[in-house]
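Protein chains: 2
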Amino acid sequence: MHLHQGLRHILKRRLILFRFCEYGRSYSHNSIEGVSRLARRDEIVKFTERFDFPKATHTIWQLYREASFQMQLREGATPKVVLHGWIDSPPRKVSRTRAFANLRDVQFLYRTVEQVEKQKHEASDEEVATIQLFEDLTERSSDIDNPSVTLLRRMKQETCVCVEGYVCKSKGNISWRLEVVVDRITVLNSAEDLVSQMRGAKDWDPKYRYLQLRSFRLQRALAMRSRVAGLIRNTLEGHRFTEVETPLLFRSTPEGAREFLVPSRTEPGKMYALPQSPQQYKQLLMASGVHRYYQFAKCFRDEDLRKDRQPEFTQVDLEMAFAKASDVQDIVEAILVQVWKEIKGIELQQPLKRLRYMEAMSRYGIDKPDLRSSMEIHDLSDFATSTTDPDYPVFEILVLRPEDSKFPPAVFAPDGSPSLRTPLCHRIKLSNEGPSKWLSESVAKFDLELVADLETTANQIMQKFDIRDGDVVYSCTRQRVPFENPTPLGRQRLFIMQETMNLSEKLDAALWVVEFPLFTPTATGRVVNGYIEYDYSRLVATHHPFTMPCLESLPAVLDAGEDQSSRIDARTIFGQHYDIVVNGVEVGGGSTRIHDSGLQRLVLSRILHVSGIRPSNLEPGEAEPENPFTHLLNALSMACPPHAGLALGFDRLCAMLNGSDSIREVIAFPKTQTGSDPLVDSPSRVTDEQLGVYHVQLRK
Amino acid sequence: MHLHQGLRHILKRRLILFRFCEYGRSYSHNSIEGVSRLARRDEIVKFTERFDFPKATHTIWQLYREASFQMQLREGATPKVVLHGWIDSPPRKVSRTRAFANLRDVQFLYRTVEQVEKQKHEASDEEVATIQLFEDLTERSSDIDNPSVTLLRRMKQETCVCVEGYVCKSKGNISWRLEVVVDRITVLNSAEDLVSQMRGAKDWDPKYRYLQLRSFRLQRALAMRSRVAGLIRNTLEGHRFTEVETPLLFRSTPEGAREFLVPSRTEPGKMYALPQSPQQYKQLLMASGVHRYYQFAKCFRDEDLRKDRQPEFTQVDLEMAFAKASDVQDIVEAILVQVWKEIKGIELQQPLKRLRYMEAMSRYGIDKPDLRSSMEIHDLSDFATSTTDPDYPVFEILVLRPEDSKFPPAVFAPDGSPSLRTPLCHRIKLSNEGPSKWLSESVAKFDLELVADLETTANQIMQKFDIRDGDVVYSCTRQRVPFENPTPLGRQRLFIMQETMNLSEKLDAALWVVEFPLFTPTATGRVVNGYIEYDYSRLVATHHPFTMPCLESLPAVLDAGEDQSSRIDARTIFGQHYDIVVNGVEVGGGSTRIHDSGLQRLVLSRILHVSGIRPSNLEPGEAEPENPFTHLLNALSMACPPHAGLALGFDRLCAMLNGSDSIREVIAFPKTQTGSDPLVDSPSRVTDEQLGVYHVQLRK
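Residue numbers (the working numbering), protein chains in the order written: chain A, 429 to 1128; chain B, 429 to 1128.
Warning: the hint list may mix true and false statements.
No distinction is drawn between identical chains; accordingly, a pair holds when it is met within one copy or between any pair of copies.
Claimed, not checked - Cut-off 30 angstroms, straight-line C-alpha distance, at most; resulting in silico cross-link-like pairs (BS3-like, lysine-lysine):
# : residue 1 : residue 2
1 : K635      : K834
2 : K483      : K597
3 : K546      : K599
4 : K474      : K873
If you are wondering where the hints come from, they were derived from the structure by calculation, not from laboratory data. Just so it is clear, the structure is predicted and the values come from calculations on it, not from any experiment.
Using the sequences and the hints given, assemble the complete structure.
Encoded structure:
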């Protein structure tokens, strides 16, 4: 088989050369002289080698992992193989006639934890991404000086090659290691010097992203991402979801983040917008009678970038008709359990813990609590109330035990926030100062009103929460329904976790946070009594305007229909929104949607004050001005079924599974912090003519 | 179980009402009076029903298809079920107390041909998308007049409902038909009158696409598309492909179709462009060491739309490192064989036929021949040469047998083409005119130079091609290497097929067309001697500039390096491009790419005359001006491996599998011919302020 292939290869090359000679004859009356014809002949040979090479018989991975091949070796065979790959490091000449080098190919399949365990092997996947090549020219020593013979020893690092040779066990100490004795090596493509220069550098120029991507680490990340997508698809298809693609040339909508615009050529002056999510289209799919929809959706948000944001990103988007929150949550849990098991070998406990927003805020001070620490914030409302500002009455503490060796200081409030938003930090020293010093400091700072005298209250608190000598008490205040998120103690808790725990060693902790405030009050921009002031009746949608209120909040919402908008208070209305949170990261979010057009109209018009929308359903024949929600309101009014859905941030999910801090590690061609791609130099300038076709021009 | 659920449901509703009453009390000092509180109470009940409904126990599909359920029925049970869906047609009142209606849900899974065969059932999938509901109020006749009781008989068409009832065999003639005796029916969402008005109309307003999508036909098409995507992914993953997503915010490139532009906010005056295909990024992935890449890629082309084009479309994009055409073709054949088998129940013969471009053009007169007819064009160069124009010397005929009842006339040349591009059409009548009349007409029209006298030549031709009395002979001329595509006889052949064959009954015919001319000459815009004139040395890339020349054409390409560009003739250079063609439709195309930076430079600079590109590789330290190909040339020069790939037009493939003429049938939310989406009213106007953020303004 190998021989046959080699033979065919040689014959084919002869044929090309023969044709070239013919060509040379027929065109020899032109300017090509004998010498240049010889050069041309060399060129043709080079191209023929580069484009007409023998097929690989194996990948390096297969040499190491394939049972049948390993069997051949154990039986003493030295099988002939053809391998493709790159020279991983500069060849090492060990004598006048002998040289070594490593060949790399990254043609592995991502293996799940179970697969790795099943096929136990001494060598890791990374170790079998390369194999040692050995070239012995003892019997071909004349080749050493003949520059026209292609030899391993003359290869530059990263040269792309085809190696034909024989596989045997390596003579070194490591029993599993193999070696290829090179019979013939052919250059498939050469590498500029720049490549090996850069291999040494620590920071790669992002202009050469493709060189970074050749690393085992990034190859593995890409393969893992592909595998995770496959696992998610399998789970969803097992639950009878239909994959439906929705348009990317969408329209501008008033809510949400800044949108990328795409000028239309055929409708002068009009613009498409790239979607922030397929939210509206997926709700339209529900009105279309699609039972269960999913899509790996490309989304776009033109926000200033942080390390975990990209202007374009991917979300696993799903929606279910005739469904409620629990139906969606069950599916998402099935996905996470499957993925965590196969990728990380971790069995997540089902059903996941569910925390209401209020509980998450009061126990962990944040709406996406990191439950890898059991540390909790204690609400001291039974003992004391802060009177500095009536909107921030709740006094609360966080206690750090002395078994934690480090005592992180109180974290400062973010820039511009008043100092009352920095927790008070106090280490209990009973012998020096008694049990009430910490509380008296708090009383002073937060104007506490205690239920009893200082000593009694302090003792009661210390007893109830088992505060002991040496503990550190962090104290602060919060709103009764907190919109400051994280709260100062929530921020403090995270800081303590970072400083005192080895988080990467902890078991991953996933949970649902449910029943968020449906609306968020607007900050007035003023600081009153040292606190940020909110207007609780000027509201924006916490997530988006399509979230269904909790049934218990319905009466309060319906009140808005009475044109008493001043009575709507953000603190009284909760919505059927749910976030899936892993290790303090919001991996996805979703909600039960409003499928009743009357209720949707009421929310948009009376509460969010979107202009041009009638507060109740139209009478037959009645029209309202076209507005960005017309299509959705129409669709709801035509018997759209009840529906609920969710979107998972796929980049973030993959980064988490990969143990990466940044989503750039799991994206082949990420944009920089400024939204550019130095690799292809985008964005770039275009001609005025190109712009003119789209009826726009640059602003002077 | 059902009882339990029902009970929970009722209790929950009570709870909400109880809470409402509490709410009513606490807020009663406000303006809500007794009457309005009663109205509010009704409202709350309505919402509670709409949002807190019992789970479905079955889908209609399951009632008909699930073996265990069918078993229960055979044993005489009348199982209680909960179903969700829509009232499919207006209810029919058959007596004062009895009414019927059909309930529809479209919650089926797409079934492959094999699955359909395995589970034989008298009823089609469409028939079991609805079920008859029967309401008998004999014992509840007071309900009939009570308007507050929800009854089937009062439902409008398309109302979204939850039905609780008992399943039994229908009393009609059709043995498989089931019926649900309604116990309780709840409105989940009501339908505006518009819906039933439109159900009657033939043409639906595209503004209400979601109502169209509720049809069985379109639900089935969407489900099929999802299934086909799954089949393709499985095949590719089985062949060790990695799914990699590439950016959609790309840059403008000089070749190809018109591109949508996306202004950048952070880099004033610069634009992203939406990609026409991931061609460059996938080649960069090859340079990145990805072994086998695939992606369901969103692509954008701003062209004037025809029925099978959309401004955004999906392609199955793939690329393989260290691979040649045959490797890619094997994979694509595996995909097609799998898909055709599962979706259409057809076994495609492997390997598929391969036709070189030259052969396809001479035998079928088009580069995407429809092989559902065996009819072929005959090259008569052995007998005659046309002398009207030296560029169009080949004389050829197409013969239609008398067994075909209809004789389609000669098809006219497209508008503006000279009449010499309309075939001559002649019906042989030996008794009237002898064997040479048809040829003498051709001689006159095309200035034929015959190898022998008229009679001899005519007789020889008629003998060789078995032309008989009553046959129709279509004759015309073509270029030796045809760029006119289809040729007049190619167009004639397609017309004959449409007119005389029932194409939908024919077995699907798939083939590869390979070795296309690498470059296409430019039409000068002049008509000489009745023929369109080409400049064979002013070239554009036939597909794109990255296609590898055939090795046999290499010498001619390398000649371009000698700065003799005038000598490059489009007719002498063929490229390693391959199209997959099914039933005369190009379903996909691909090529072996140029992975040698020197050769790529030569093609771009010397042949395609892209400005700013040096014709040969740069010396160390040498720089060239930034150009749109810099990144690709750099990547090739850094040991990019040989690679080949292909893209399948996924929309077109699905339309073909679905038997649809238009790809709009397999796209959930297609754009109209003018690129707009009437459903969401995109594109739309945005504010000057929004534009200003992106540093552009409308052109005055």
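A quick look at each hint next to the structure:
no. : hint         : result
1   : K635 to K834 : neither (42 angstroms within a copy, 64 angstroms between copies)
2   : K483 to K597 : within (23 angstroms within a copy, 63 angstroms between copies)
3   : K546 to K599 : within (28 angstroms within a copy, 58 angstroms between copies)
4   : K474 to K873 : neither (81 angstroms within a copy, 51 angstroms between copies)
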